[in-house]
Structure formats: C-alpha cells, structure tokens
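Q: Using the sequences plus the hints, can you model the full thing?
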Amino acid sequence: LRQRRGKLGRDMLLSMCQDVCEGMEYLERNSFIHRDLAARNCLVSAEHIVKVSDFGMARYVIDDEYISSSGAKFPVKWSSPEVFHFKKYSSKSDVWSFGVLMWEIFTEGKMPFESKSNSEVVREISQGNRLYRPHLASHAVYRVMYSCWHEVCCPFFLSAVNDNLSILIHRVSMPTKCGF
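Here the UniProt record's numbering is used: the first residue of the sequence shown is 1, the next is one more, and so on.
Hints may be right or wrong, so weigh each one.
Said to hold, decoys possible - Calculated pairs, DSSO-like style, for lysine-lysine (alpha carbon to alpha carbon, straight line, at most 27 Å): (1) 87 with 73; (2) 73 with 88; (3) 51 with 110; (4) 88 with 51.
Claimed, not checked - Pair by pair, the computed Cβ-Cβ distance ranges are: (5) 49 with 29: 31 to 37 Å; (6) 56 with 109: 19 to 25 Å; (7) 68 with 111: 22 to 28 Å; (8) 163 with 12: 16 to 22 Å.
I should point out that these hints are in silico values taken from the structure, not numbers from a laboratory.
All values reported here derive from a predicted model rather than from experimental measurement.
Cβ atoms here follow ideal geometry from the backbone N, Cα and C, with glycine treated the same way.
A: As structure tokens, this is what we get:
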C-alpha cells in the first residue's frame with residue numbers, strides 16, 4: 001500500500017477490502033478466528049487480489065469464542081475492547097480488526113493511532129473514540145468501517161459487512177455524477 005500510495009483508485013481500495021472480507025467470512029463460516037488481521041498479514045498479487053495470511057495466532061473454535069491465556073501478546077491497535085479488557089477473541093473481534101484493516105487500506109498504509117502508545121489506544125477506545133475517516137474513504141465507506149467498531153454486533157457480522165461492500169462496489173461500477 002505504501003509503495004503504491006496515490007496510484008490505486010478508490011474502487012481498487014474497496015475491492016481489496018472485499019477480498020479480505022470474503023476471506024474472513026470463509027474463516028468465520030469454518031469456525032476459525034484469525035486474531036491478528038492487519039494489512040501486514042495480507043498478501044497482494046500483481047493484479048491487486050488480496051489474500052489473508054499469517055495464521056500463527058488463528059484458532060479453531062466451537063462456540064465462536066476463545067479466551068487467551070494470561071501474558072500472551074496481542075496487536076493492541078487492531079484489537080477490540082473485549083480483547084484488551086478480557087482477552088476474549090471471537091469473530092466479533094476479527095470484525096473489529098477488519099475495520100482497522102479497512103482504515104489501513106484507505107489511508108494507503110498508515111499506522112492506526114499513529115502517535116499513540118498502546119495504553120493510550122486502550123484508553124481512547126474505552127472512552128468510545130475511534131479512528132478518523134481517511135480522506136480517500138467516502139462517508140458510505142466510513143459507515144461500513146465504523147460499523148465494525150460497534151461494541152455490540154450481530155452474529156455472522158462479516159456477512160453483513162461483505163454485503164455492504166458489495167453494494168458499494170456495485171455503485172462504483174455504475175456511472176454516477178459524484179462517484180462514491
């Protein structure tokens with residue numbers, strides 16, 4: 001993303017998000033939690049097709065929940081409140097990370113919470129603050145991104161996120177006055 005900064009259109013960025021969402025939806029459908037979804041853990045082909053990778057922290061779960069043992073390290077800036085407060089992972093925490101990954105994509109590779117320490121991020125998120133809307137993200141795209149950061153969300157939420165991304169991609173492919 002950083003190497004291609006300024007060269008990828010919004011439609012390509014949105015397509016990259018959908019590729020990741022489809023991969024995460026597959027993991028969720030097969031009872032896996034990734035636990036470390038971030039741009040650094042995605043592979044991008046020459047055709048800009050994105051695949052989720054680095055399954056070192058992934059876990060198979062029976063009831064969509066995994067409680068980590070104490071002392072385990074985790075990526076704070078991509079983590080949901082239930083992860084940093086209770087060490088509880090679920091498909092919901094993967095959805096949260098997906099929202100941060102969308103933010104990374106639409107900032108063309110910026111670090112989330114750029115200048116904040118992990119403890120500052122925990123405090124900010126706990127107080128209800130979220131990442132800002134990247135200038136390349138339309139308000140509609142940011143709504144999808146922001147919806148990933150709701151502390152209470154429905155089951156199979158990745159399906160809903162993917163549906164919303166599909167709608168946005170369909171809008172982009174149709175000629176309009178103002179784009180998306």
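Q: Starting from the hint list further up, note which numbers the structure goes against and sort them upward.
A: 5
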